[in-house]
Amino acid sequence: GGQFAPIIDQLKKEKAKGVLRGVIIASAKKNFLAGGNLDYLHQATDASAIFKFSQNMQQFFRTLESPGVPVVAAINGSALGSGFELALACHYRIAVDSPKIRLGHPEVTIGIMPGGGGVIRMLWILGIEKAYDILSSGKRFLPKEALKAGIIDALANDETEMLLLAKQWLLANPEGRRAWDTAEGKIPKGTAKDNLLAQRISLLTAQLTRDTQNNYPAPRAILNTLVEGSLVDFETACRVESRYFTELVKSPESKNMTKAFWYDFNAIKEGSSRPKGYGKFRVKKVGIIGAGLMGSGIAFLGLMNRMEVVLKDISKSVAEKGRALCEQNLQEMVTAGRLVQQDVPKILKKLTTTDNAAEFRDCDLVIEAVFENRKVKANVTREAETHLDEYALFATNTISIPITKLATASSRPENFVGMHFFAPPAKIPLVEVIRGKNTSDESIARAFDFAKAIRKTPIVVKDNWGFFAGRVQNTFILEGITLLQEGYSPALIENLSLRAGMPKGPLALADDTSLDIVLRYENQAAEIYGAKYFRHPAVDVLLKMINELNRLGRRKRAGFYTYDNDQRQLWSELPLHYPPNNKTITKEEIIERLLFVQVLEAFWCLQEGVIKTEEEGNLGSIFGWGFPSFKGGVFQFVVDYGVSDFIKKCKKYEQEFGARFQVPKRLKQWAKNN
Numbered sequence: 003g004g005q006f007a008p009i010i011d012q013l014k015k016e017k018a019k020g021v022l023r024g025v026i027i028a029s030a031k032k033n034f035l036a037g038g039n040l041d042y043l044h045q046a047t048d049a050s051a052i053f054k055f056s057q058n059m060q061q062f063f064r065t066l067e068s069p070g071v072p073v074v075a076a077i078n079g080s081a082l083g084s085g086f087e088l089a090l091a092c093h094y095r096i097a098v099d100s101p102k103i104r105l106g107h108p109e110v111t112i113g114i115m116p117g118g119g120g121v122i123r124m125l126w127i128l129g130i131e132k133a134y135d136i137l138s139s140g141k142r143f144l145p146k147e148a149l150k151a152g153i154i155d156a157l158a159n160d161e162t163e164m165l166l167l168a169k170q171w172l173l174a175n176p177e178g179r180r181a182w183d184t185a186e187g188k189i190p191k192g193t194a195k196d197n198l199l200a201q202r203i204s205l206l207t208a209q210l211t212r213d214t215q216n217n218y219p220a221p222r223a224i225l226n227t228l229v230e231g232s233l234v235d236f237e238t239a240c241r242v243e244s245r246y247f248t249e250l251v252k253s254p255e256s257k258n259m260t261k262a263f264w265y266d267f268n269a270i271k272e273g274s275s276r277p278k279g280y281g282k283f284r285v286k287k288v289g290i291i292g293a294g295l296m297g298s299g300i301a302f303l304g305l306m307n308r309m310e311v312v313l314k315d316i317s318k319s320v321a322e323k324g325r326a327l328c329e330q331n332l333q334e335m336v337t338a339g340r341l342v343q344q345d346v347p348k349i350l351k352k353l354t355t356t357d358n359a360a361e362f363r364d365c366d367l368v369i370e371a372v373f374e375n376r377k378v379k380a381n382v383t384r385e386a387e388t389h390l391d392e393y394a395l396f397a398t399n400t401i402s403i404p405i406t407k408l409a410t411a412s413s414r415p416e417n418f419v420g421m422h423f424f425a426p427p428a429k430i431p432l433v434e435v436i437r438g439k440n441t442s443d444e445s446i447a448r449a450f451d452f453a454k455a456i457r458k459t460p461i462v463v464k465d466n467w468g469f470f471a472g473r474v475q476n477t478f479i480l481e482g483i484t485l486l487q488e489g490y491s492p493a494l495i496e497n498l499s500l501r502a503g504m505p506k507g508p509l510a511l512a513d514d515t516s517l518d519i520v521l522r523y524e525n526q527a528a529e530i531y532g533a534k535y536f537r538h539p540a541v542d543v544l545l546k547m548i549n550e551l552n553r554l555g556r557r558k559r560a561g562f563y564t565y566d567n568d569q570r571q572l573w574s575e576l577p578l579h580y581p582p583n584n585k586t587i588t589k590e591e592i593i594e595r596l597l598f599v600q601v602l603e604a605f606w607c608l609q610e611g612v613i614k615t616e617e618e619g620n621l622g623s624i625f626g627w628g629f630p631s632f633k634g635g636v637f638q639f640v641v642d643y644g645v646s647d648f649i650k651k652c653k654k655y656e657q658e659f660g661a662r663f664q665v666p667k668r669l670k671q672w673a674k675n676n
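Take the sequence shown: its position 352, counting from 1, is numbered 354 in this note's numbering, and each next residue is one higher.
Simulated from the structure, these hints should not be mistaken for laboratory data. Please note: incorrect hints may appear among the correct ones.
[As the list claims (entries may be wrong)] Calculated lysine-lysine pairs in the BS3-like style (CA-CA distance at most 25 Å, straight line):
#	residue 1	residue 2
1	K454	K32
2	K32	K146
3	K271	K614
[As the list claims (entries may be wrong)] Now the in silico label distances, taken between C-beta atoms and shown as ranges:
#	residue 1	residue 2	range
4	D364	K653	44 to 52 Å
5	Q609	G273	22 to 30 Å
6	G140	D364	39 to 47 Å
7	E550	K352	48 to 56 Å
Beta carbons: idealized from backbone N, C-alpha and C, even for Gly.
Working from the sequences, and respecting the hints, build out all of it.
Right, here's the structure in full:
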């Protein structure tokens with residue numbers, strides 16, 4: 003704000019002379035105003051300094067909104083975080099209706115909240131409940147969405163119209179006053195003193211506890227600020243905001259989340275693991291084999307990023323079902339206000355459905371997304387490659403078959419790469435780019451570029467069982483099964499997993515993955531490690547569930563859970579097969595065992611070169627299978643826990659439970675550097 007101080011002083015002088023009618027704030031840059039100083043906030047630990055930082059921001063924005071004349075924010079680029087706080091400090095907000103512009107407060111996604119008065123201004127503009135919904139979601143709004151939400155006041159078709167509308171509003175509204183600066187001003191929908199609203203706030207608090215398990219302090223701090231701020235004057239409310247902002251900036255959760263979602267994310271985005279020396283690969287036309295949920299989901303991503311798409315299946319009618327799924331995804335975007343209806347047919351014109359592989363002849367990339375059968379995948383690979391030129395890239399989407407084995411069907415194994423998309427592909431941000439034994443560096447670079455072009459976060463993974471995400475996630479599943487075998491309550495295991503921050507319990511995840519796939523990963527590990535392999539205690543449970551009890555998981559509607567009328571319930575006969583024990587175990591120990599095995603397996607992956615960087619491990623774990631983001635990912639977890647304490651506890655668990663808690667050399671080396 004310091005750079006604006008002389009300008010504001012000059013404006014006040016001109017106002018005093020009577021020559022100033024109003025102010026329009028616009029930007030000459032691509033963004034309206036970039037967000038705050040994350041480097042400072044990530045490193046800051048002194049409470050008084052953080053509080054002062056917040057108060058200084060508030061003072062600047064307060065000065066901006068009270069020069070005695072109206073101020074309009076003419077938003078011609080993205081305004082996020084403190085950039086949007088600047089807009090909120092203006093009396094009126096007009097944005098250009100561009101799909102490239104994003105507006106709002108995403109701070110909660112890195113564990114903090116606005117600290118420049120943004121929470122309190124949202125309170126006065128929207129009321130407690132609506133402000134909470136927006137601030138706690140961290141949503142980045144398109145201009146149309148922002149207008150509908152009530153956080154901007156008008157839209158313009160272009161910058162010329164925006165400035166014209168701004169001038170018209172200034173001339174029609176000479177009073178530069180805010181509701182909170184007038185005696186008659188009121189917070190929309192009331193304050194926390196209102197009985198009905200107080201009841202709804204209590205309900206919000208209960209929902210918040212259920213949804214976050216109290217692992218994420220930022221949403222609660224936002225709600226507390228809104229509630230307390232509604233009961234006091236504006237200036238006092240801003241001090242309340244500064245207090246909660248300070249607590250969040252100091253919190254380990256914000257340090258961990260900023261590390262993952264800012265520093266690690268940007269390192270990957272900038273290509274830290276992409277092979278160097280290769281030009282950017284631009285895909286104009288992509289072919290997809292398999293028109294099911296996965297194939298049509300990938301096709302949808304291509305269409306949304308202006309690519310021509312050829313979607314092939316065994317018959318034209320089956321391929322057309324894939325078109326219907328793409329159209330359904332597009333209609334959902336229209337309903338959400340992220341796409342206009344008239345664009346749907348234009349986008350679908352870029353989609354060709356077929357049963358003929360010859361349609362792939364001018365594709366830059368073909369991705370097969372057929373079911374998990376090596377023979378079927380080999381056949382579609384050979385069929386497609388006969389129609390591709392020698393430079394085209396061929397990618398296979400698989401969860402459990404090694405890429406090197408699948409590549410034996412290819413006539414150009416150097417151009418054959420794994421691309422593991424997660425279901426549903428439109429929603430899960432991660433893609434594993436998998437290097438087979440003969441995959442060239444250039445092919446890895448090209449697959450990486452395609453993943454970025456469809457707005458995914460790619461991590462580069464060496465071919466092995468389960469790749470990175472499946473391999474590490476499997477340890478979580480196996481530990482949960484082992485706890486069941488030891489006689490601990492399945493409900494306790496599942497609930498403590500949720501409390502730890504995992505999106506699902508290990509038994510539910512085993513059912514979703516399918517128990518035969520879980521066992522296949524472990525068998526592949528045994529094959530690779532040979533004499534070094536330690537048989538996991540969960541294997542006996544898997545064999546019994548599959549072979550004796552015929553319970554393979556969700557797709558068979560029978561696993562650790564039963565599935566009646568689409569309701570998931572723990573199988574009532576589990577205690578008969580795995581009787582409860584009389585041992586005492588702390589909740590902390592169950593949680594640690596479930597998380598520690600994931601962290602240790604990630605370090606084995608780093609040691610074996612399955613992944614190359616910590617950034618990939620952290621983001622891969624959060625985006626890939628939902629490792630708790632408030633811990634910052636699998637590697638940041640150790641920093642948060644304390645490296646020496648973590649190693650000490652692992653040694654204790656190794657003595658009690660065996661080799662799966664053994665500390666890898668890479669972790670010991672890592673400990674010396676951290």
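Hinted pair K32 and K146, Cα distance within 25 Å: 19 Å, holds
Is K271 within 25 Å of K614, Cα to Cα? Roughly 15 Å separates the two Cα atoms, so the pair holds.
Starting from the range 22 to 30 Å, see whether the pair Q609 and G273 falls in it by beta-carbon distance. 23 Å, holds
Verdict for E550, K352 (Cβ pair) under range 48 to 56 Å: 51 Å, holds
Quick check on a hinted range of 44 to 52 Å for D364 and K653, using CB atoms only. With a Cβ separation near 58 Å, D364 and K653 fall outside 44 to 52 Å, so the hint is violated.
Run the distance test for K454 versus K32: straight-line Cα separation, threshold 25 Å. It holds: about 21 Å lies between the C-alpha atoms, which stays within 25 Å.
Does the Cβ pair G140, D364 satisfy 39 to 47 Å? This hint holds: roughly 41 Å between Cβ atoms.
Checked against the numbered hints above, the structure violates only hint 4.
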